[in-house]
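Please construct the entire structure, taking both the sequences and the accompanying hints into account.
Line order of the protein sequences matches chains A and B. Numbered according to the working numbering, the first sequence spans residues 1 to 522. Numbered according to the working numbering, the second sequence spans residues 1 to 522.
Treat each hint with caution, since some may be false.
Pairs count within a copy or across copies, as identical chains cannot be separated in the list.
To be verified - Cut-off 30 Å, straight-line C-alpha distance, at most; resulting in silico cross-link-like pairs (DSBU-like, lysine-lysine):
1. LYS297 / LYS113
2. LYS231 / LYS359
3. LYS14 / LYS447
4. LYS447 / LYS295
5. LYS20 / LYS349
6. LYS98 / LYS144
7. LYS194 / LYS152
8. LYS53 / LYS20
9. LYS313 / LYS433
10. LYS194 / LYS241
11. LYS98 / LYS194
12. LYS447 / LYS137
13. LYS433 / LYS359
14. LYS295 / LYS241
15. LYS349 / LYS14
16. LYS20 / LYS345
17. LYS20 / LYS350
18. LYS231 / LYS14
19. LYS269 / LYS433
20. LYS269 / LYS53
21. LYS275 / LYS447
22. LYS350 / LYS14
23. LYS241 / LYS20
24. LYS313 / LYS345
25. LYS53 / LYS447
26. LYS231 / LYS447
27. LYS275 / LYS313
Bear in mind the hints are in silico, worked out from the structure with no lab data behind them.
Number of protein chains: 2
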Amino acid sequence: MTVRRHLTQVDMAKIVSLSKRRGFVFPSSEIYGGVGSTWDYGPLGVALKRSVKEAWWRAMVLERDDIVGLDSAIIQSPQVWVASGHAAGFVDPLVDCKVCRGRFRPDHVKVYKVVGRGGEELGLVSAVGNALGEVTKEIVERGKAQAKSRGKEFGSLQEAGVATDYPAALIPCPNCGAAPGSLTEPRMFNLMFKTFVGPVEDTASQVWLRPETAQGIFINFDNVLTTTRMKPPFGVAQIGKSFRNEITPGNFIFRTREFEQMEMEYFVKPGDDEKWHDYWVRERHDWFLSLGINKDKIRVRPHEKSELAHYSKATSDIEYLFPWGWGELEGIANRADFDLKQHAKHSGKKLEYFDQEMKERYVPYVIEPALGADRAALAFWLDAYDEEPARAMGAASEGQAPGASDEARVVLRFHPDIAPVQVAVLPLSRNEKLTPTAREVHASLRKRFVTQYDDAQSIGRRYRRQDEIGTPLCVTIDFDTVENDNAVTIRNRDSMRQVRVPIAELPAAVAAQLREMGSTRA
Amino acid sequence: MTVRRHLTQVDMAKIVSLSKRRGFVFPSSEIYGGVGSTWDYGPLGVALKRSVKEAWWRAMVLERDDIVGLDSAIIQSPQVWVASGHAAGFVDPLVDCKVCRGRFRPDHVKVYKVVGRGGEELGLVSAVGNALGEVTKEIVERGKAQAKSRGKEFGSLQEAGVATDYPAALIPCPNCGAAPGSLTEPRMFNLMFKTFVGPVEDTASQVWLRPETAQGIFINFDNVLTTTRMKPPFGVAQIGKSFRNEITPGNFIFRTREFEQMEMEYFVKPGDDEKWHDYWVRERHDWFLSLGINKDKIRVRPHEKSELAHYSKATSDIEYLFPWGWGELEGIANRADFDLKQHAKHSGKKLEYFDQEMKERYVPYVIEPALGADRAALAFWLDAYDEEPARAMGAASEGQAPGASDEARVVLRFHPDIAPVQVAVLPLSRNEKLTPTAREVHASLRKRFVTQYDDAQSIGRRYRRQDEIGTPLCVTIDFDTVENDNAVTIRNRDSMRQVRVPIAELPAAVAAQLREMGSTRA
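And the structure:
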């Protein structure tokens with residue numbers, strides 16, 4: 001197989017364009033101009049995300065005796081977030097402008113000195129931005145205007161630090177340019193979305209949308225214990241939406257305000273926690289490999305002590321080499337007994353385990369492998385992306401340089417258990433002779449595999465279309481099928497090998513090829 | 001098979017208790033006293049709901065060529081809800097008390113006249129309540145107090161109408177008792193949950209949590225059309241959470257503020273809509289029957305003209321006979337071209353279909369089958385509930401009346417494609433001889449079926465436990481298995497028949513029995 005190229009930040013545009021063109025992911029509310037960093041999954045995107053979630057659920061719940069599932073509500077008692085520490089601690093600092101009411105992250109406010117001809121300092125100007133280049137241009141224009149308004153001539157900009165280096169009292173507003181003194185000192189802003197249950201909007205009815213699914217598991221610890229007779233080590237797994245009012249979401253579906261999490265809390269005896277932490281780091285890393293992720297693009301990075309969250313004894317991230325660099329794919333945290341103890345304290349309920357055999361009572365430690373389904377789908381998708389110069393496509397000869405993009409063969413090399421479509425059924429052409437048999441063939445496959453039927457345009461184009469969405473196998477029905485041998489051709493996305501198979505043996509042959517490509521489900 | 005009893009309102013307590021005891025559904029945030037009418041799904045509840053959603057997705061998307069999937073965001077542009085009519089029209093009237101800030105549905109404020117001895121009318125008293133009995137008692141006490149404060153003797157209460165029959169100006173507050181004039185006239189309250197995106201809480205950043213998934217499909221109509229080459233008639237299906245700030249949720253998971261919907265929008269040529277409406281009413285009704293719902297407990301009820309929503313040309317409800325009476329399970333609405341036209345008007349984008357062959361441009365009509373996953377799970381669950389007097393259980397003889405509840409056999413007769421667990425693997429006892437073989441048997445089944453391994457307590461108790469959660473088949477490993485025949489016993493939940501099967505043939509035999517019980521997936 002070809003070695004796949006690494007996608008760069010520039011190539012992200014290709015993915016986003018392919019996404020829109022083929023129906024993976026659309027900007028949400030697009031006809032109304034969108035809602036920042038929110039996305040809708042189209043037909044293929046839903047299929048991809050479903051496969052990812054299903055593979056996780058299968059590995060974590062269905063194929064294990066020691067983990068059960070749970071599905072807790074998005075709207076929970078506000079007490080949950082007081083106990084977890086989110087109400088007080090899940091915050092970002094923001095500064096406000098008293099004039100225009102703009103709000104800014106202090107580290108996004110870029111501040112420069114305005115210097116007049118002769119080196120005279122005229123004061124500070126500011127602008128909001130992440131990219132230094134853009135800021136400088138705006139700063140220069142503002143600086144010129146400021147110099148001019150004082151009857152001075154603009155000299156030069158000397159780079160100064162970010163806003164946090166200055167007292168807010170000296171910085172003009174980066175949005176409206178209001179005079180120094182208009183900005184407040186940084187204030188803490190909670191990243192949880194707030195809403196109200198019932199008709200009255202007051203503190204008694206205020207609730208938050210959950211920023212993580214994990215707490216829904218901790219508060220049900222005792223319910224699970226009494227209904228399932230599980231004993232440590234055991235886990236509770238959950239898939240569901242969470243919401244974080246991020247000030248700076250971005251990178252397509254990598255960081256969004258509304259996202260779907262796959263979290264598992266694994267309860268162990270204190271003292272066994274380090275062993276189990278190691279176990280889960282390995283287990284989760286291997287899960288990505290088992291579903292085809294390129295081993296050179298995934299790594300485990302233990303957190304430095306200084307990076308650790310207050311609840312965490314140790315955390316290791318599984319990182320993926322995204323087009324913009326290494327980024328977190330999954331975090332595996334040793335949360336110790338922080339959460340159960342906090343909820344026990346705030347609720348007044350005992351959240352412990354009593355070991356009948358050892359006559360011993362303890363608060364379990366928790367190992368938490370947690371990842372985002374959207375982010376995982378994105379990693380599988382980027383990792384699967386491959387381009388190769390078209391082979392045997394007319395004029396292009398072996399020695400020629402890779403041609404224009406319309407000649408390159410774009411292939412998503414999805415693992416067969418992750419691919420949005422597993423088998424495409426393609427009659428050579430749309431006509432009365434082939435269609436009935438093609439439909440029968442399709443019916444024989446769709447009970448067992450995720451299938452697509454396509455009879456529009458040339459067979460070459462349809463192969464291209466299936467390659468582009470990562471379909472592992474195409475089954476072609478031709479005139480020989482109906483006139484001679486009652487057999488069809490299976491074409492393999494990766495090896496490009498074509499084999500002729502009797503229709504009666506087709507489901508078994510398809511399953512065998514999918515297994516060869518790595519499927520454990522076919 | 002026995003004819004199942006109809007559960008009454010009183011029996012709901014049994015279901016809720018079974019639910020809590022076995023881990024189907026727990027009150028959400030229970031350790032903090034709960035959040036009204038919000039529920040968390042435990043291990044078996046998740047499994048049940050997953051099966052229901054999977055069966056729907058399979059029937060609607062995977063097994064059809066004319067329907068594709070979608071997954072749109074919960075937080076959409078506020079413009080979506082302006083166009084759909086929810087911003088202005090998704091409202092309930094409420095009255096406020098200017099003194100205590102209480103808010104009440106006018107139809108929940110019960111108002112009575114206070115009459116003094118001699119028939120003298122002293123004024124009105126009020127209280128909040130649904131149940132007339134409770135109200136009357138409170139009203140009487142207030143009436144007595146009011147009479148006393150005027151130096152009169154309380155005479156009698158004559159029943160009067162509800163608050164809407166009186167001008168608000170004459171009614172005292174039903175909460176704090178503040179004098180007439182404290183209540184406002186009814187004002188409209190929107191049932192959508194409101195929140196803010198980004199750090200600033202103002203009208204520009206205000207958004208709503210979606211009250212239905214349907215609109216996420218309409219706004220993506222053009223995206224689906226251009227990426228899939230679908231042509232009418234075609235549909236787009238979606239499963240996802242929706243939120244409605246109901247003033248009066250209730251009946252367990254029947255009506256909750258946070259719920260999961262399964263909606264499909266089927267786009268057809270105008271003129272074909274009535275035919276397709278009929279088709280989908282039949283199709284959806286038959287789907288419930290195919291998954292084992294008792295045909296006497298399900299019915300189709302076409303809406304009267306006066307009941308129709310403003311967007312609907314015709315609607316039929318599929319109703320189920322819940323313990324509290326007939327209730328909506330699914331609505332199949334002919335929404336005509338209302339939604340696409342509204343979104344076209346508000347967004348300025350064309351939302352039409354151009355028929356290449358007929359050279360004809362039109363706005364499709366929409367048929368919408370829409371149901372709640374929670375409610376559907378509840379219906380399957382209630383419908384599956386069965387109790388029979390224990391057979392061959394010690395003292396109880398054939399002629400004896402059904403005994404105490406601890407002698408009754410509780411069985412959930414779930415369809416095998418809906419059951420939270422399909423096969424239980426039960427070694428006769430937990431010991432070194434049986435365990436390895438039992439584990440192997442379990443491993444051979446879990447790849448293909450949803451399984452549970454249970455070796456705690458007596459085999460009789462374990463059968464009871466599996467019956468109670470509706471497991472269709474139990475596989476028992478005994479000493480004969482390991483010492484003699486290398487075969488196991490399959491015990492059927494409904495027929496109670498036990499058959500001996502060689503381990504090598506077990507997966508096929510399990511699949512065959514599940515198919516006999518109605519499975520189309522085994």
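When the hints from earlier in the document are held up against this structure, which numbers fail? Of the numbered hints given earlier, those the structure breaks are 1, 3, 7, 9 and 12, listed in rising order.
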